[in-house]
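S.K.: So the sequence lines, in the order shown, correspond to chains A and B.
For the first sequence, the residue numbers in my numbering are 9 to 446.
For the second sequence, the residue numbers in my numbering are 6 to 251.
If you're looking for bench data, these hints aren't it; they were derived computationally from the structure.
Source: prediction; values computed, not measured.
In silico BS3-like pairs for lysine-lysine, Cα to Cα no more than 30 angstroms straight-line:
id	chain 1	residue 1	chain 2	residue 2
1	A	K85	B	K42
2	B	K221	A	K259
3	A	K347	A	K232
4	A	K44	B	K42
5	A	K44	B	K195
6	A	K85	B	K7
7	B	K195	A	K259
Okay, the calculated bits of chain B under chain A, using three or more residues with CB under 8 angstroms as the criterion:
id	stretch
8	33 to 45
9	192 to 205
Cβ pair distances, simulated, as ranges:
id	chain 1	residue 1	chain 2	residue 2	range
10	A	F264	B	I234	20 to 28 angstroms
11	B	I234	A	P328	56 to 64 angstroms
12	A	L252	B	A223	33 to 41 angstroms
13	B	A72	A	E84	39 to 47 angstroms
14	A	A45	B	R150	29 to 37 angstroms
15	B	K176	A	P23	51 to 59 angstroms
Ideal Cβ placement from N, Cα and C applies to all residues, glycine included.
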Amino acid sequence: MSQPLRSWGRYPNLPQTGHTAHWRSELSAQVDAVFKAHGSTLPFGNGRSYGDSCLALSDHVVETRALDRFISADWEKGVLRAEAGVTLAEILRVSIPRGWFLSVTPGTQFATLGGAIANDVHGKNHHSRGTFGNHLRCFSLMRHGEGALTCSPGENNALFAATIGGLGLTGVIDWAEIQLMPIRSSRIDSIVTRFADLDEFFALSRELDHHHEYAVAWIDCLAKGTYAGRGVYIVGDHASDGGLNVDDRAKLDVPFTPRLSLINKASSRAFNEFYWRLQPATPTPRQVGYEPFFYPLDRILNWNRIYGRAGFQQYQCVIPDIAAEAAMRELLSVTAGAKSGSFLAVLKRCGAIASPGLLSFPLAGTSLALDFPQTAHLEHELFPRLDAIVRAAGGRLYPAKDAHMTGADFRNAYPAWEKVEALRDPALNSRFWKRVTG
Amino acid sequence: MKRILIIGANSAIATACARQWTAQGASFFLVARNAEKLAQTAADLTARGAKAVDVLAMDATDFTAHAAMLASCVRVLSQIDVALIAHGTLPDQKSCEQSAAPAVEAFAVNATSTVALLTLLANQFERQGAGTLAVISSVAGDRGRPSNYVYGAAKAAVSTFCEGLRARLFKAGVHVMTIKPGFVDTPMTKGLKLPAALVATPEQIARRIVAGVERKTANLYTPAFWAPIMLIIRNIPGPLFKRLNL
Ligand SMILES: Cc1cc2nc3c(=O)[nH]c(=O)nc-3n(C[C@H](O)[C@H](O)[C@H](O)COP(=O)(O)OP(=O)(O)OC[C@H]3O[C@@H](n4cnc5c(N)ncnc54)[C@H](O)[C@@H]3O)c2cc1C
Ligand SMILES: NC(=O)c1ccc[n+]([C@@H]2O[C@H](COP(=O)([O-])OP(=O)(O)OC[C@H]3O[C@@H](n4cnc5c(N)ncnc54)[C@H](OP(=O)(O)O)[C@@H]3O)[C@@H](O)[C@H]2O)c1
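Isolated chain A (complex conformation) (with noise of 0.2 angstroms):
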């Protein structure tokens, strides 16, 4: 009875059919019910993904946003367990007041614990903490015919490895364990600076990664010349006074999805400009909530809308350190001269300490993620040229961002992939995985 579900891109635009179960016991009989009747289908949690990795390859997925129960919290040590439908929001708001904060959150909290494991998403700490797995005690699994597995690394350790990261394709998560870091308070002490130019980011990032907890920079990716690879470098730590207070900022809206986008060339050349101008020249430090330092998309509900019925694509990559400063200078040249411009662009060095999981994402190197509202030139220009020097540099495509990587850079990148094929679970696939395994 839901809404045709869409990933967050919007593109392709695939509608899903959602079919919900609303208490763990319902679990393997609704993802039996969908695999009967359609022939497989996928988890899925709140829809988070841009590209076409979070839809079922029979366009039939099995809602999990309804499993939204914690099942046990230690507020001494910090581990909760909870069903796989709980957003990270709602576990933030009941475990800041407690002086408990995510150890590794990506920049929306809308996303699902079973997401968030998924894709093994990493944020802003990435060079600190590493990926959300590396701060995963345990999951119970549902597979078909095969009913709950507990999975951990010293249980079914196999599975464990798979399924972080694991696309959806290897069971249906109803319940994850996550070990919590301790905070002193919501707020965080940012500093925020300029740079001129990539040479200038990387030595500020060389320099203060490894000082603070959190680290990221925004690129002016339409600045061309002089200005070519400006942006704003800013990083943060949990401050130490400040209470422990759920940031609870009204959300605006776009309420309903313009024919056409909104974002083009000239929009996100005049806002990378303005914002660049507000920023400080020297740095600046700064006490900000919770919530504008992680998640400042999140104040406005539905944003995606923005770019139009056609929608969006994210290209997300992460460069080995080695190849990252010549791929990344090739990179944003190739952005700046083409015909699309990106809105956003956010750099994030990541750091070395390793995922458990086998298609996780990250690696130590520089990730660099862009946005361009949907055209047939993207996947036709502009995006092979990108993968071509991705390619050429070692680095990898991120899953959860993607709508057009070729099976072979996919497989090249990511060869594990035959061990979560041997793993995947016979009752759940994707477009994605279709797309690039098929």
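Starting from the known structure of chain A, arrange chain B with the ligands on it as the hints suggest.
M.R.: For chain B with the ligands alone, kept in the frame of chain A given last:
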């Protein structure tokens, strides 16, 4: 700090209310039919920080169990600040037309059990001289529609019963709130084809219920847009209404 009794505590709408009351530091006595789900509901509220959670498994149509249920509730909470009655089923209208048994059964769950429970609770609350009885009825009780008049009639009985009870208990300082949700995305409506624009989440419904308890609202339409819609629907003349097939 509120002490809250919930009958039908596994309901999605009731759970959403309980979570909001938890944030205000409430203690609960939860009653539901399915014991396994009840344990999960209780664990959820406990982990979210509820002061205390006690549970009791009971089928609401087991009328003989009501008095003992209330006695244990009073033993645990000593005074009940809010009692939320949330259990219910949506009978299959077509089978109710084929034979009387499913219609009678639907009445037992949705109307008779609520009347029985409210009768006991009313006397408890009257003795307390304080508190709120919050009862989930439905917009479906406002008018008899061909698509679900058995369910609607049971909810109409509840609404009318509550209206009378409100007038009686008002003098004792006890408030009775009739809650009339529209379409809500819960297990009860799973698989139904409903107009997506009119379907609310249990959280939206709960926010209004929790606020309504504070404000001592008498009839709570939720979401709020159902109040004007139902005003119009209640005033459609009978001869026209029967032709509309709503
Ligand atoms: C504004 C924004 C910022 C973001 N920032 C970041 C970031 O900084 N870092 C980052 O890593 N990602 C980021 N993302 C991506 C997002 O965090 C991931 O796509 C995340 O997985 C979305 O979770 P979801 O619950 O919406 O899952 P969905 O998108 O619904 O599903 C994602 C995958 O999880 C699987 N899945 C869902 N539930 C289960 C389950 N119970 N059991 C098994 N598999 C399941 C699905 O099958 C699918 O393969 C961002 C997204 C947005 C919109
Ligand atoms: N969803 C809607 O669109 C909607 C609209 C208007 C009004 N309502 C009303 O809202 C209330 C809550 O329903 P909901 O939407 O939250 O659906 P729900 O999640 O399906 O909850 C209904 C609950 O009723 C309980 N129940 C059913 N028969 C029972 C019995 N004989 N004894 C004890 N408990 C029984 C079930 O308990 P167990 O799980 O323990 O079996 C179930 O948890 C109901 O009164 C419903 O009529 C709903």
